[in-house]
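For chain A, the structure is supplied; the task is to place chain B on it using the hints.
Taken in sequence, the protein lines are chains A and B.
For the first sequence, our numbering assigns the number 1 to the initial residue and increments by one for each residue that follows.
For the second sequence, our numbering assigns the number 1 to the initial residue and increments by one for each residue that follows.
Hints are supplied without guarantee of correctness; some may be wrong.
You can't tell identical chains apart in this list, so a pair holds if it fits in one copy or across any two.
Said to hold, decoys possible - The calculated DSBU-like cross-link candidates involving lysine-lysine, where the alpha carbons are at most 35 angstroms apart (straight line), are:
| id | residue 1 | residue 2 |
| --- | --- | --- |
| 1 | Lys387 | Lys116 |
| 2 | Lys206 | Lys18 |
| 3 | Lys206 | Lys162 |
| 4 | Lys162 | Lys18 |
| 5 | Lys206 | Lys89 |
| 6 | Lys18 | Lys116 |
| 7 | Lys162 | Lys105 |
| 8 | Lys206 | Lys105 |
| 9 | Lys89 | Lys162 |
| 10 | Lys206 | Lys116 |
| 11 | Lys89 | Lys116 |
| 12 | Lys105 | Lys387 |
| 13 | Lys327 | Lys162 |
No lab work stands behind these hints: they were computed from the structure.
The primary structure of each chain is shown beneath.
Number of protein chains: 2
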Amino acid sequence: MPDAEIIAIGSELLTADKVDTNSLYLTDQLNALGVEVRRKLVVGDDRALVSEAVHQALAGAEIVIITGGLGPTEDDVTRDAVADALGRKLEFREELLGWLTERFKRFNRPMAENNKRQAYAVQGAEALPNPRGTAPGQWIETMVESNGRVVMLLPGPPRELKGMFAEECLPRLTRRLPPQVIRTRFYRVAGMGESDLDQLISPVYKPFTNPVTTILAGPGDIQIHLRARGATHEEADGLLQQIAPEIERLLGDRIYSRDGSSLEAVIGERLRALRATLCVAESCTGGWLGERITSIPGCSDYFLGGFLVYNDRMKTELLGVDAGLLKIHTAVSEAVACAMAECARAKTGATFAVSITGEAGPESFTGAPVGTVVIGLAGAGLVPQAKTYSLFGDRNGIRTRAAQWALDDLRRWLDSSAL
Amino acid sequence: MPDAEIIAIGSELLTADKVDTNSLYLTDQLNALGVEVRRKLVVGDDRALVSEAVHQALAGAEIVIITGGLGPTEDDVTRDAVADALGRKLEFREELLGWLTERFKRFNRPMAENNKRQAYAVQGAEALPNPRGTAPGQWIETMVESNGRVVMLLPGPPRELKGMFAEECLPRLTRRLPPQVIRTRFYRVAGMGESDLDQLISPVYKPFTNPVTTILAGPGDIQIHLRARGATHEEADGLLQQIAPEIERLLGDRIYSRDGSSLEAVIGERLRALRATLCVAESCTGGWLGERITSIPGCSDYFLGGFLVYNDRMKTELLGVDAGLLKIHTAVSEAVACAMAECARAKTGATFAVSITGEAGPESFTGAPVGTVVIGLAGAGLVPQAKTYSLFGDRNGIRTRAAQWALDDLRRWLDSSAL
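Bound conformation, chain A alone (with noise of 0.2 angstroms):
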């Protein structure tokens, strides 16, 4: 299967506040019909950097898409470079010119005379009509070294680009393409770091580049994604069979996702099948939980509400946490958090609570090494449990994390056999 490479041209795009977006949607398009973007250029408005670039875009993808610097100004060097790069001329097209002043005229202005130069296409270049604008894509055929490429110019304005994309480039590009079919398998994993979690499944991908397997991290959240490409359904099922049952076997209750839904979600989902309702006491997170589990619409069905509670005093007069228990274990404990979702659940009648407590740093107040979380969870008959970890990161990514481990003991107790 050919691999695409993306430019965008603008030197605008070179700025500290803008993005290339449209790159996004074509990528997008391009995965769909089994092309892989192997690399995405941002170039500015220089007839020389941006022929260069499509020289070089030219000697490792079969189709290269351009966008951006078709318009009518002097900075808009698209046309001259990509020409210069493929050693072909650029050549007036007196249909180009008709459907331009044709198009003024529809709009009842007047055509400047720098709109000519939109008249202009690459040799050899197919145009392509663009209704919703002046400027005319180009779709061109080329040969290097006995390979054949496409080149592609669209207009940089989103509206312009998709359309002229969806209507005149995938057709074509579909007739083109040998049938391929993209099968994908999607995890989210909780509870383990990255590297613990690429020396447990790397033996099961490493040997495969088909399917490719790309793995994100984020703090106590691993993204893993597989694809295969195949001929067929068929092909690209049995390629994904050869690593996702393994990974998934070593993976187990780690996984809490497979269709990308968040931690949050899929817990609010449990929730609702339950017809069960949740409440919190945060310490250290001071009220990361409960943003998280409200970050969902329509959690008002299971989240009741809950205390943040800062320090020992709010323990006891907002919770009704025992001093004697603060006192003897310290804030940081399991009996404290125990007692804390217990309290929790008694105050607010929700069936379940989560609570959390520990050092998040830089200083510890209790004497437990910065980093120490404990994690209690309590259930309307069920015998309240916590556990304490050791979290790693900074305050902010201690906090991150316990909020985290706070909701995946969460899911795990409501998936355990327990209930």
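What follows is chain B alone, placed relative to chain A:
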């Protein structure tokens, strides 16, 4: 002045839903030094492709910054690829291994075998410490056809990248670049939309290309950077004076920080100075306000805790808001916001309380339009007050802004002459 090229490494950056944002930060920083970015490239985790890209970049740019691909796994190919491109070897660095071992020990985690990959550096490279993660960076100086080049290898996670660039690369770059003085002014502004702000101040800054004015907008939080370049401090300061005082006058107390401090840090300082304490009562934000306040180290000096009250029953049972008030005014009303703040203050004994209640969508429960958010404030000896806002965005955007508006209302209240 030399040009730069930025290469982002990572197959995930070639998918249809990820963009490289690190290059925006880097562009901003480079521009401030007078360095222009000539190209930006995204390449997948492929050793040969990355090596080729580095090779091409070195042919044209004096400064090449490569981000990502420095992790411990097999698909982290940056170290190898850069060594290939430069025709150098990778060498094992005892001190990097020591640093990694020490870091894992400090966080009480076992070090996986493959983390040792991160102890390798390109021959002749200076290793750059990474206090925020496990991937050390590298600073490599080289000669290409008698021109000095600098290649920087920086970690992909934005926090690590920014920290390392600011602390390690900026000082080294400044020493290499021709002498030039840059003077900056920085403002953070809350409670205004970007286009309102731009309409207000663009007549002041637009006529000037030096200072350069950069406006970076987040939801309800705008950063304004002014950067003047001159041969001397006096010249650069003089240039700044052409626009800075007028911008400050126009924005007035909308400016909450001149040193980059976050809103929650500014509030923390103010509360500490007043020897006052704070609590929260949150409905639609579900903990986001508490999370932001507690993101500041040492916030236990002034933050006590609070209540997450996600439905009417919790507002009456946990906080003690009068049920009649809820019935008459609904939960999204100034009367209820005031009562929430007053009740939270009464229950915790805090000097001040902030409350948030609103409709974050997608559906409205009270009939108030989605985006309606009411912020309440209460303080010892003060009459409680509330304000109603129509906030913009999807659920996430409305919740982000609600927390931001609440913090800003509190800040301006604390700064008002009332206290």
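Check: Within a copy, between copies, both or neither: where do lysine 206 and lysine 162 come within 35 angstroms Cα-Cα?
Finding: The answer is both: 28 angstroms in one copy and 32 angstroms across copies each meet 35 angstroms.
Notebook entry, point to check: When no copy is named, should lysine 162 and lysine 105 be tagged within, between, both, or neither for a Cα gap of at most 35 angstroms?
Noted result: For lysine 162 and lysine 105, only the intra-copy Cα distance (25 angstroms) is at most 35 angstroms; the inter-copy one is 52 angstroms.
Notebook entry, point to check: What label fits lysine 89 with lysine 162 when the C-alpha limit is 35 angstroms: within, between, both, or neither?
Noted result: within (27 angstroms within a copy, 45 angstroms between copies)
Margin query: For lysine 206 and lysine 105, with the copy left unspecified, which applies at a CA distance of at most 35 angstroms: within, between, both, or neither?
Written below: Classified as between: cross-chain Cα gap 29 angstroms, same-chain 53 angstroms, threshold 35 angstroms.
Next item on the list: Could you place lysine 206 and lysine 18 in one of the four classes (within, between, both, neither) given a Cα distance threshold of 35 angstroms?
Entry: Cα proximity of lysine 206 and lysine 18: in one copy and across copies (32 angstroms, 19 angstroms).
Notebook entry, point to check: How would you classify lysine 206 and lysine 116 at a CA-CA limit of 35 angstroms: within, between, both, or neither?
Noted result: between (51 angstroms within a copy, 18 angstroms between copies)
Check: Within a copy, between copies, both or neither: where do lysine 387 and lysine 116 come within 35 angstroms Cα-Cα?
Finding: For lysine 387 and lysine 116, only the inter-copy Cα distance (30 angstroms) is at most 35 angstroms; the intra-copy one is 56 angstroms.
Next item on the list: Pop the pair lysine 105 and lysine 387 into one bin, within, between, both or neither, using alpha-carbon distances up to 35 angstroms.
Entry: Cα proximity of lysine 105 and lysine 387: across copies only (21 angstroms, versus 50 angstroms in one copy).
Next item on the list: Give the relationship of lysine 327 and lysine 162 under a CA distance limit of 35 angstroms: within one copy only, between copies only, both, or neither.
Entry: Neither: 50 angstroms inside a chain and 42 angstroms across chains, both beyond 35 angstroms.
Item checked: Alpha-carbon proximity between lysine 162 and lysine 18, which holds within one copy, between copies, both or neither at 35 angstroms -> Both: 19 angstroms inside a copy, 18 angstroms across copies.
Margin query: When Cα atoms must be at most 35 angstroms apart, do lysine 18 and lysine 116 count as within-copy, between-copy, both, or neither?
Written below: Within one copy only: 29 angstroms inside, 37 angstroms across.
Notebook entry, point to check: Is it within a copy, between copies, both, or neither that the alpha carbon of lysine 206 lies no farther than 35 angstroms from that of lysine 89?
Noted result: between (47 angstroms within a copy, 24 angstroms between copies)
Checked against the numbered hints listed earlier, the structure breaks hint 13 alone; every other hint is satisfied.
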